[in-house]
Amino acid sequence: MWVKLASIDRRWIYGLMIFVIALALLKPVGLAIIPSADTKKVYDAIDKLPPGTIVWLGMEFSAGGVPELMPAIQAIIRQGFRHDLRFVCGGMWVMAGDMCDQAFSIAKTEFPNKKYGVDWVNIGYKPGNEVLLQRYLTNVGEAALNIDFYLNKLDTLPLMKEFPNLKSAKMLMIFCTGTPGEREYIKHVSGPNNIPLAQSCVSVSVPEIMPLIQAGQILGLLAGMKGAAEYEVLVNKPGSATAGMDAQSFSHGLIVIFMILGNIGYFLTRNKKA
Amino acid sequence: MKKEVPMAICFILAVLYVVANYFTGSKFITTLKTTLDDWFLIVTAWAVLVGTVNLTQIHGRRIRAKREGYVFSAWLLACLYGMMLVSILIFRSANAIGWKFMYNQLIAPMNATVYATLVFYIGSAAYRSFRMRSLEATILLVTAVVMMLGRVPLGRMLLGGRPYLGQMADWILSVPNSAGMRGIQIGACLGGLATALRIMLGIERGHLGGTGE
Amino acid sequence: MTILKTYVFAFWVEMIFLASLITMILRARQGVKVPAVYKVAGLDAMDEAIGRCTEMGRPVHFSPGIGDVQNAQTLAAMSILGYVAKQCARYDTDLIATNRNIIVYPISEEIVKQAYSEVGKPDNFKIENVRWISDDQFAYATGVTGIMYREKPAANILVGAFWAESLIFAEVGANAGAIQISGTANTHQIPFFVAACDYCLIGEELYAASAYLSKEPVLLGSLVAQDWGKMVGVILILVGTVLASVKNPWLKNLLSK
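So the protein lines, in turn, are chains A, F and Z. Here the first sequence is numbered in my numbering, starting from 1 and rising by one per residue. Here the second sequence is numbered in my numbering, starting from 1 and rising by one per residue. Here the third sequence is numbered in my numbering, starting from 1 and rising by one per residue.
Certain hints may be false.
[As the list claims (entries may be wrong)] Chain Z regions said to be covered by chain F (calculated; three or more residues, Cβ under 8 Å):
#1 31-44
#2 53-67
#3 97-109
#4 241-253
[Said to hold, decoys possible] When the alpha-carbon atoms are kept at most 30 Å apart in a straight line, the in silico DSS-like pairs for lysine-lysine are as follows:
#5 115(A) with 27(F)
#6 126(A) with 167(A)
#7 247(Z) with 48(A)
#8 4(A) with 247(Z)
#9 40(A) with 247(Z)
#10 41(A) with 153(A)
#11 48(A) with 27(A)
#12 33(Z) with 187(A)
[As the list claims (entries may be wrong)] Derived CB-CB ranges, DEER-like:
#13 193(A) with 176(F): 32 to 42 Å
#14 15(F) with 249(Z): 28 to 38 Å
#15 53(F) with 165(A): 54 to 64 Å
#16 269(A) with 136(F): 30 to 40 Å
#17 28(F) with 9(Z): 19 to 29 Å
#18 215(Z) with 136(F): 28 to 38 Å
#19 160(F) with 146(Z): 23 to 33 Å
#20 75(F) with 94(A): 18 to 28 Å
#21 53(F) with 3(A): 43 to 53 Å
#22 160(F) with 165(A): 18 to 28 Å
#23 251(Z) with 165(A): 23 to 33 Å
In short, the hints are calculated from the structure, not lab data. If you're wondering where the values come from, they're calculated on a predicted model, not measured in any experiment. Glycine included, C-beta positions come from ideal geometry on N, C-alpha and C.
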């Protein structure tokens, strides 16, 4: 029996994982979520921006990052629109425009007075990676070929008249799952131009971003789904991230249980072999 | 000449890019760099043809020889050419509704699905690997448990509302993790810089076929 | 022409590093003895892994990561591919090299073909063993997963720039029963490789691979220059810590120039 503990068929692990996650999503327990200091820094920074300020939303992720990042984006949009902030979004990743479109889908139902072209603009994806950022610093319209994600001419949109280049943003809020990502923004945009940069990233990227936060290059971080759930708590609108935290919690617990079982089996079989 | 010409091109372009990245004030160099960036994008797009030929050759052979799983090779080629022809002949634009439907309803969910399989692999990898075989492995195991429970609300719930696991997890992230990350990143950046300079100077030629000098 | 604002310090650091690199290379060419490199288990295990494949009659799978050709990790992986391909050619072991990036694919093909020519077995090179799977990250991951389940390689060499697909490759390789040697400088994937693979090259060990495997004095000399660079980094950290503690912004201002 101890030999079996040390070599559980991985299909049991997969099956139990599906069961635990599905159960937690269907019957959430509602574990308490307490906002962390890093999340509060981002919230406070956006809160302090005067009404009418333009914030750049960098959508540097694809479909895989949606569960962790989309709730954070929508929470920030809610906070921003409540404070009459304005947003220009785009990115270096292929799905930047689609992600922005999905994020602002809440505007129609929750903020019907907010108008596209006046309160937000979706430039979408343009090729070029970090070269694109350098071009955006000079002239967004030219770099984006004067076309937004919906094929409108950028120079016909009122908001873009106040946003000639990326330096016009008073804050950068980026959502990243890999490269190109925060390092390109720090190198070309926030570092040389002293524009505050905050970030939401997937959990796996958090350890490598910590040195950037401690160096002051990133003012605050929404760490994965947990950070998104904390932000939802701060804006007082629980959503998919809050619901997902129960599933994440119990799946972590299951993995810890399997690790303990594996070690018990390992020790007992090791002693037997000895 | 098979190696000397690529090495010369590499050296000249590397110097140009270093100058263009660090210096300002020369419109000629900026324009040249921008042009070369555009050329790179164009070459990359056309290079897709090379890969398509390779895929067709490999899977075509499988289908002809009716090797095990040849049906999937046929399906791959059908999807590859189907999507290519439909996009070029019917949709003709990445903004067409049909193209967006294919991308958003087929490719994006498939990407998300494969990404989601990581949760199972993490579980089986953690079960298989985190064994107390040595002192270092034990430290790794304890750290993994603290991080996994400390970064979710479950950790606080297990300790009756006390935040100790979360605080330990934050300390691990802020102190030993940051120290290790900085060290690895400094070393990796220097290594990357040295590799780039070796390639630029033509000392390292592994990417051209053959090793060293 | 002037140096861009905030890039001045970085430019001069790069120039000094270049000068030290050239110095060490010239010294190595003149025959000055290069210090010994510490043992890197992952690189020593390459021959063992290829030998295992030869004995079992199963192929070696090699992935240079999903980075593009400008990425230094991909170029370092190409050097390792050259070595692995040569060994495989020597022992008549099949090598399946999969690629995600379309520009990297013809480079891989040329390297493997060249390796077979160098050992005098050009006819043994099979073009279908060097494959471009897809430019999409997870389509590539799925393709490689399929190859590992079907072809059951006895060695899985994953060196280069990896992102989220790293654990998929490592776990599937483990399930297929392969010995796994991995290496990346992407710090967010190193923990997965360390946990799931038998050997892992961490950060700069990947870049040192070509020097380590070839034992060329000139390449080993460049590793010494890297170490000098690290010494300078350590000194800057120590000086910076002291100055920051006494709230002197001199070094911070210098680094920001």
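For a quick check of understanding: which of the numbered hints are violated here, in increasing order?
The structure breaks hints 1, 2, 4, 5, 8, 10, 11, 12, 15, 16, 19 and 22; every other hint is satisfied.
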